[in-house]
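Peer 1: Sequence lines, in order, name chains D and S. Quick note on our numbering: the first sequence kicks off at 1 and runs consecutively. Quick note on our numbering: the second sequence kicks off at 1001 and runs consecutively.
Because the hints were derived from the structure by calculation, they are not lab data. Source: prediction; values computed, not measured. Here a beta-carbon is modelled for each residue, glycine too, at the ideal position from N, C-alpha and C. It cannot be assumed that every hint is accurate.
[To be verified] One-sided excerpt, in silico: chain D residues whose CB lies under 10 Å from chain S:
| no. | residue |
| --- | --- |
| 1 | T232 |
| 2 | A312 |
| 3 | L381 |
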Amino acid sequence: MNRESSQAVAPAVEMLGVCKRFGPVRANLDVNLTVTPGHVHGIVGENGAGKSTLMSILFGYYEADQGELRVDGQRRTIASPSDAIKAGIGMVHQHFMLVENLTVLENVMLGAEGGWHLQRGRQQVREALSRLEQDYGLEVDPDARIDELAVGLRQRVEILKALYRGARILILDEPTSVLTPQETAKLFDILGALKQQGVTTLLITHKLREIMTVTDRVSVMRGGRLVADRDTANTSRAELAELMVGRKVLLTLDKAPATPGEEALIVNAVSHVDRHGVSRVDRVSFALRQGEILGVAGVSGNGQSELLEVLAGMLPVSSGRFSLPGIEVTAARPTDPARLRSLGLAHVPEDRQRCGMVGSFAAAETAILGHQAQPAFNGRLLSRGRAIRAHCAQLMSGFDVRPPNPLLRSAAFSGGNQQKLILAREMETRPRVLLVGQPTRGVDIGAIEFIHRKLVALRDAGAGILLVSVELEEILSLSDRILVMFEGRIVGEVTASEADEQQLGLMMANAHTPNTDAMGLA
Amino acid sequence: MSRPAGELPVWVDVLLIPLLNIGLAFLVSGMVIVAIGENPLEAVRLMVYGAFGYDEAIGYTLYYTTNFIFTGLAVAVAFHAGLFNIGGEGQAYIGGLGLGLVCLATDQTLPFTVILPLMILFSALFGMLWALVPGYLQAYRGSHVVITTIMFNFIASALMVYLMVNVLIEPGNMSPESRSFAESAWIPSLHGLLAMTGIAVTPSPANVALLWALICCIFVWLFIWHSRWGYAIRTVGANESAARYAGINNRRVVVLTMCLSGALAGFVALNEIGGVHHRLLLNFTAGYGFTGIAVSLMGRNHPVGIVLASLLFGALYQGGAELAFEVPTITRDLVVVIQGLVILFSGALAYMLRPLFERIWLRLSLPEAVATDA
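Excised from the complex, chain S in its bound form:
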């Protein structure tokens, strides 16, 4: 009797219902595809093939996955303290600024082994800074973090445009981009690493930032569930008066949690700027910060769930692009619709099926209990 009467078993909650939600999303997507006169099964085949069918596709999928892990973790950490960090997008953007500045300053002089820790440090610091201000305003001034983080997304965007157009642009370049970093500031690609061990794979943007993302998952798991600071964060998130009773400084916890959340979002820059573009440019965050909210919701704010949800969204991004390329009538916009449906069903409507399953579970468990007792 380890759970109260009528409560669903864990596997239904964390596995079956999310899978059914995705199934529903694909069902509705299928109907849309039928409506425009294409074969939905063929579309699914193309999408799966496009995401996992060959080594380059897998590389792209993992590259997208990396971004989603970082932004998903950022949302999840804040969520455990009862905070809804909508600002992952801006924090990632400013994290990119930090990383870009440190690379531009050191790539000519320092070796890679020194630059890499600096890149990690500065993307985290800048992302942290961008979350610190909303966190402080929430804790000490009562401005709601949802509002301030959204505003900070806009401020980040405007600031980056200003800096790229007026300050950091490479002289002589027509588009607002910085100069390329020297190779000593490139985060190694996975295909490059595999080539060193003698395995030849097609080049793709997947890079070592993925490993850092997985390390962050372990760190978040240990920090949230197995440290006294995580305990404080979860207490504040679950029951603020109990936190006050326990002598936990709620305000400090709010600020610290937002800082950690911002740092995790800032790591998107490692993957995008350090691993792929190798120069500072505009709009490299491309909505990953917002999708992180859906990833975290779907992954139930747990690192394992977030990795799985990130993989799904990575596959949707990559497979969707492939699908749009292969089938002319399925445009890029329709792929966005499919992604939107997945977000809708697994995020916004995540609990739609739950009451149904609770009823079924109750029915199922009744006769069995009567039988054992009679």
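Bound-form chain D, shown alone:
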């Protein structure tokens, strides 16, 4: 009823002058956002730029302190997610909100059972699901249990949940952070189908490539403000990156050619069999030299994570051997992370929240994780708090960790700063071998550039770096040589200068294996 005469169609979402504070933190400041119906609208920004807060306001998790919200031209008060659902807004969270031991059908039905008699609700949902499947190409077996589904399919269930509740406006929060490249491509197909049916999509991400491929229009946030709106066709990654960070960003990495030295880590037919009897790592062999970055590419879940943990001493070797100067590890002669660390091996774990830090610890305590028994940090009986804090302050200044406060709880830092602290801790020991998993997962653009430069600097200082990443771009720009893993095996090796994304993608899917013979099992 409030339609503005100047526009033929009212915007799907309008946020006018939205402000939101948390204590002293300005999460959103005078944000004006207009989303055209049927568009895929990207919202980009670094971690902490206020994207998630803005979307949480739209979905009713928070109420704005000031400002106005309009959906389809009508002014709305959205005080809770149920208000948002009533207004036709649905949200797919980065961490899925699914009950793992229920079926797809039951999850979609949850909270919309339609009375106490479940059978009728079930029938309704089943019909609705098959209709949605036809309309949008969202294929999922309604009777599969969530814990049997791959991540990409779980995300589809989340989308189905929102659509079943009548969403015409869909918010996707970092939807590709957990997806393989193939799953990402499928998600984008779905977004296309949704768009054809007139669904409006808000896509929160910090991956600029995705923005360029899939969106119609993009808004950039920085420091709580919406700093720019662009038609995707009229902008470039470089411009968006600059808008996000507020300065020019180098998207390509300048690095000198590697000068590999002697072998620092020799891996010989190493296997790891998990407790279900599955070979997660299957007769992997390679040699990592000092002064080179060896990338391990592969679709997530093909044994790269386990390979890292085996080499770090966290998982046992089932057969085969690997050796560093000073130690040879076999199934009969196991090792532990502390011993390997003392021999000059450092490890930046893939999942920093799970392994790399303790959220409730002060940053200073996280900064000695793994080095807690070192003489520098311990007196005869008590630990030396001042030395520990000074060490942390030094790491923080060397790696630009913000805020540089060793007493702040580790969990209170942003993802990028947590990662920088962990990298600082592991690189500061001047390791001979550095194992790195997903060094820039969930890290903002400015920090990615910084981390990459640090890794190259460590390589040039003579360390051998084993880099596992599911970001092909990262593998390509950092590595000197690239191994491709598939189902626990190494299916190919290429020199980085000769590699291209397409070829690697095919190898990752094991459709094309040029050099398997060269990888012969020693």
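Using the hints, position chain S against chain D.
Peer 2: Same frame as chain D, but now just chain S:
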């Protein structure tokens, strides 16, 4: 900006909310007292007077407090490693056995200065032993420590009955008690010590074990927060995979933590057997081990909090007994109800008020921030 947005300031969390929880518990207790036709304010007055009103009352309160500090610390230490030690009761009981045996063996021959360290050592060793087995089973066999420690409470109880009735009973005694120890194995009472310095106070069971309890508090504080072993314990408790990543041997940490926890619980025997009863007897633990769980929860697993919570529970025990004595309609059972309410509100419902305060805090901090920025 030393804390994330919307997080409560520390004083609300550790001071205001616990105090309000106790207030709520007393409010509900007051309603119960009104319901049986007594004056709740009078009851509070009697309780406070009974706990702190005169020197003997204070002595009794401190004597109870001592037990709660030991059992509270025992629960807290285990908690920092993510372990829930429900077995403080049994560990204290067996700690008493250790202390009793060493006293019975040496009180005729050795001087006090030798016996006291032996008492400390053996109460700790026996308590430790009783926690070691559940700890080992948890670490190496995956039996949950909550289940095994509860079972070990029953085993301790049965073992003590057997030993007291069949082995350690004083010949000719009708009740299952050992002979009294010679005075060389008595832990000095506080009133005795004060008398030596010329201050006369009414005799009470409070004894030097209280000082040992306070020393243990300092030790636990240093150990948990300022030593590499405490670091390992806290890492295992907060994030087991991070501990594995750091090369910490989780299993060994679990066993060692349980041993330390059991030793602390075993010290209850110093206060009860060494300081008060001076002989081995049945059921001297009287539920202190279980109350230690509430003490630790309320004290947020920190020694300072545990001392304060212990003092509260000590006062509740002593003041409650006095109240039951003074007002005939308020029976001993009703006092147990009041204690139960305090445990309920400060232990089980400890976080009930938190969301409310988070909302209030958010409201309060908003206009102020807008004002400074506008």
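Peer 1: May I ask which of the numbered hints given earlier this structure violates, with the numbers listed in increasing order?
Peer 2: Number 1 only.
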